[in-house]
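**Q** Letter by letter, the chains look like this.
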Amino acid sequence: MTAYLIRRTLFAVFVLWGAVTIVFLVLRLVPGDPAQLILGSDATRDEIAQLRERMGLNRPLVVQYGIYLSDVVRLDFGDSYRYHGDAMGLVMGKFPLTLQLAAVAMVIGLVLGISLGVVGALRVNRLADRVVSVFALLSQSMPSFWIGIMFILVFARQLHVFASGGHGGFDRLVLPGVTLALPVVAILIRLTRSGLLDVVHENYIQTARAKGLSERLVIFLHAIRNALIPIVTVAGLEFGKMFGGAVIVETVFSWPGVGRLLIDSISARDYNVVQAAILLIAGGFVLINLVVDVMYGYLDPRIRLGR
Amino acid sequence: MDNPLLSVQDLTVRFRTRAGTVTAVDQVSFDLAEGETLAILGETGSGKSVTAQALMGLVPRPAGQVSGGRILYDGTDLLARPRSETRRLNGTELAMVFQDPLSSLNPVFRVGAQIGELFRRRRGASRSEARRKAIELMDRVGIPAAARRVDDYPHQFSGGMRQRVMIAMAIALQPRVLIADEPTTALDVTVQAQVMALLAELKAEHRMAMILISHDLGVVAGVADRVMLMYAGRVAETGGLREVYETTGHPYTRGLMASIPALDGPRERLAPIKGSPPDLMRPPAGCAFRPRCEFATGICGTERPELMPVPARPESHRAACHHAKEVVADVVPG
Numbered sequence: 033m034t035a036y037l038i039r040r041t042l043f044a045v046f047v048l049w050g051a052v053t054i055v056f057l058v059l060r061l062v063p064g065d066p067a068q069l070i071l072g073s074d075a076t077r078d079e080i081a082q083l084r085e086r087m088g089l090n091r092p093l094v095v096q097y098g099i100y101l102s103d104v105v106r107l108d109f110g111d112s113y114r115y116h117g118d119a120m121g122l123v124m125g126k127f128p129l130t131l132q133l134a135a136v137a138m139v140i141g142l143v144l145g146i147s148l149g150v151v152g153a154l155r156v157n158r159l160a161d162r163v164v165s166v167f168a169l170l171s172q173s174m175p176s177f178w179i180g181i182m183f184i185l186v187f188a189r190q191l192h193v194f195a196s197g198g199h200g201g202f203d204r205l206v207l208p209g210v211t212l213a214l215p216v217v218a219i220l221i222r223l224t225r226s227g228l229l230d231v232v233h234e235n236y237i238q239t240a241r242a243k244g245l246s247e248r249l250v251i252f253l254h255a256i257r258n259a260l261i262p263i264v265t266v267a268g269l270e271f272g273k274m275f276g277g278a279v280i281v282e283t284v285f286s287w288p289g290v291g292r293l294l295i296d297s298i299s300a301r302d303y304n305v306v307q308a309a310i311l312l313i314a315g316g317f318v319l320i321n322l323v324v325d326v327m328y329g330y331l332d333p334r335i336r337l338g339r
Numbered sequence: 004m005d006n007p008l009l010s011v012q013d014l015t016v017r018f019r020t021r022a023g024t025v026t027a028v029d030q031v032s033f034d035l036a037e038g039e040t041l042a043i044l045g046e047t048g049s050g051k052s053v054t055a056q057a058l059m060g061l062v063p064r065p066a067g068q069v070s071g072g073r074i075l076y077d078g079t080d081l082l083a084r085p086r087s088e089t090r091r092l093n094g095t096e097l098a099m100v101f102q103d104p105l106s107s108l109n110p111v112f113r114v115g116a117q118i119g120e121l122f123r124r125r126r127g128a129s130r131s132e133a134r135r136k137a138i139e140l141m142d143r144v145g146i147p148a149a150a151r152r153v154d155d156y157p158h159q160f161s162g163g164m165r166q167r168v169m170i171a172m173a174i175a176l177q178p179r180v181l182i183a184d185e186p187t188t189a190l191d192v193t194v195q196a197q198v199m200a201l202l203a204e205l206k207a208e209h210r211m212a213m214i215l216i217s218h219d220l221g222v223v224a225g226v227a228d229r230v231m232l233m234y235a236g237r238v239a240e241t242g243g244l245r246e247v248y249e250t251t252g253h254p255y256t257r258g259l260m261a262s263i264p265a266l267d268g269p270r271e272r273l274a275p276i277k278g279s280p281p282d283l284m285r286p287p288a289g290c291a292f293r294p295r296c297e298f299a300t301g302i303c304g305t306e307r308p309e310l311m312p313v314p315a316r317p318e319s320h321r322a323a324c325h326h327a328k329e330v331v332a333d334v335v336p337g
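Protein sequences appear in the order of chains A and B.
Position one of the first sequence corresponds to residue 33 (the numbering used here), numbered consecutively onward.
Position one of the second sequence corresponds to residue 4 (the numbering used here), numbered consecutively onward.
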């Protein structure tokens, strides 16, 4: 187990290095100059050149990259150009809000996705199953920015049930939470339904019935536990992806989390904040993956970690 | 038989498939007395396993459907009652050991929990009590170091040990009927004998009746009181073990016996039954075995033979063959 964790940690470092490198390069390849944006359109060429020099942006790309990497290794992520504070500190300040949103969405996704998937499997090819399948198809095919806007129009503008955006209070979490959750609900419905349909044909389900266990126990103990193995993997990956998906949802619903900060910082070419935010999102993704793998071994004793 | 424990009458099971309807079990009748061992023999697809599934209420739905007959257990018809109700007899009255012990054990639960579950869910035992009973049972079925192995998972056991676990689960609640569906087919030959010996021992100890399903006459010979041969979903021959062996009344039974190598006999070519079992979607008219039968005459192609008494012991030995007399006498007609 220890060897396994060490190997996974090394791998994680490699992944994070890849992420920061790509972001570093892409940011500098796209047009737009932070110095120009900070000083505004009135600034003279000289003023811009001076600022560029102070920010280190006039140096060759390779040198900039080297300096950046050596800073990151020492956990120095640079300062925000706009807010003049530590970039990672700024991102971490917004992180709880994104986490809150993702957690709510994940709970909605798990509860709705698994329970509807079970309904579909138990009523396979009947009306309830058809309804669930159509719902899953719709949830998966509608993009979240569109769903978000529709939610705002219907529930905030027309019905005045929920606020259209901003944060504070549980009611403001509902619309962005559901929007972020819908794709996960769709995936989990499909996975639970098909997984359960596969599992109920296994011989050990017949054994459970031969033991005289009630059908409720057969399905919810013997079958679900086996169907859960792939569900956990996918749910974990989806949770990781949510931090990325939150960028769109936070923007639509004016939710002041990491996603919104990221979008604003990209517009302002606030390099260090963008890099810190991506690093955090990637780090979260890697960590969740590790947790999923460890849980996998717990759910399926045949999988041995450490080899 | 007066007051049999289990009486199956005209049991018919059909499967609907995309290609058509298959009658897997066709008007099968038999009785099982308390403490008796009945062996059901037949090739793959002869309907023997489906018969067992029907007894346990395990015919896979919605494709499979018990479409006729009665299963009288202790006088009540199981088929006339809802499945949820007859389900409760499983484990306590009727129990089953399956063919493949690896796929029949749930891979994600510890072996002890899977045995103990019977006591917890069916008898309201506490967790520690169930665990203690599980260890006791594992010990009884001959699993070494039971107290330690109780916390292992199925994949950590060998094939023979897994089947012992299955047997422990089956006898846990002391059922009156134990159905063993090819219990040794997936096992090594050396282990086969041990498992059969264990089954026989437990059967005697708990005075259980047993239905032993097999395709192997040799496995059955040591333990069965009576045998029933099935072919294409129907009973071909039934009788006491000795009767069927000594005065075989059906060519199919003869064929099965001829295809077993004898260790002590002269070394001769094995005689497999020619041809293959009929397509149950389109069963042939008359006798289903006719295309493979050396005794067949004109009547075999038109009239389906019913079970008829075989002369030597007519009260218990019956065969479904127009030419049973010739088969017994070993004279090919014509």
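Hints are computed from structural coordinates only; laboratory data are not their basis.
C-beta atoms are modelled at their ideal positions from N, C-alpha and C, and glycine is treated no differently.
One thing to keep in mind: the hints can contain errors.
With the C-beta cut set under 10 Å, the calculated list includes, among others, these residues of chain A facing chain B [to be verified]:
#1 106
#2 235
#3 237
Computed beta-carbon distance windows for the label pairs [claimed, not checked]:
#4 B:63 x A:331: 50 to 58 Å
#5 B:260 x A:327: 50 to 58 Å
#6 A:121 x B:131: 49 to 57 Å
#7 A:327 x B:88: 35 to 43 Å
**Q** State for each hint whether it applies.
**A** Consistency of the hints with the structure:
1. 106: It is violated, given that the least Cβ distance between residue 106 (chain A) and chain B is near 45 Å, above 10 Å.
2. 235: Status holds, d = 4 Å.
3. 237: Given a least distance of 8 Å, the restraint on residue 237 (chain A) holds.
4. B:63 x A:331: 50 to 58 Å: Violated, since residue 63 (chain B) and residue 331 (chain A) (Cβ atoms, about 27 Å apart) do not stay within the stated range.
5. B:260 x A:327: 50 to 58 Å: With Cβ atoms ~55 Å apart, the hint holds.
6. A:121 x B:131: 49 to 57 Å: The hinted range 49 to 57 Å holds for residue 121 (chain A) and residue 131 (chain B), with Cβ atoms some 53 Å apart.
7. A:327 x B:88: 35 to 43 Å: holds, 39 Å
Checked against the numbered hints given earlier, this structure breaks hints 1 and 4; the rest are met.
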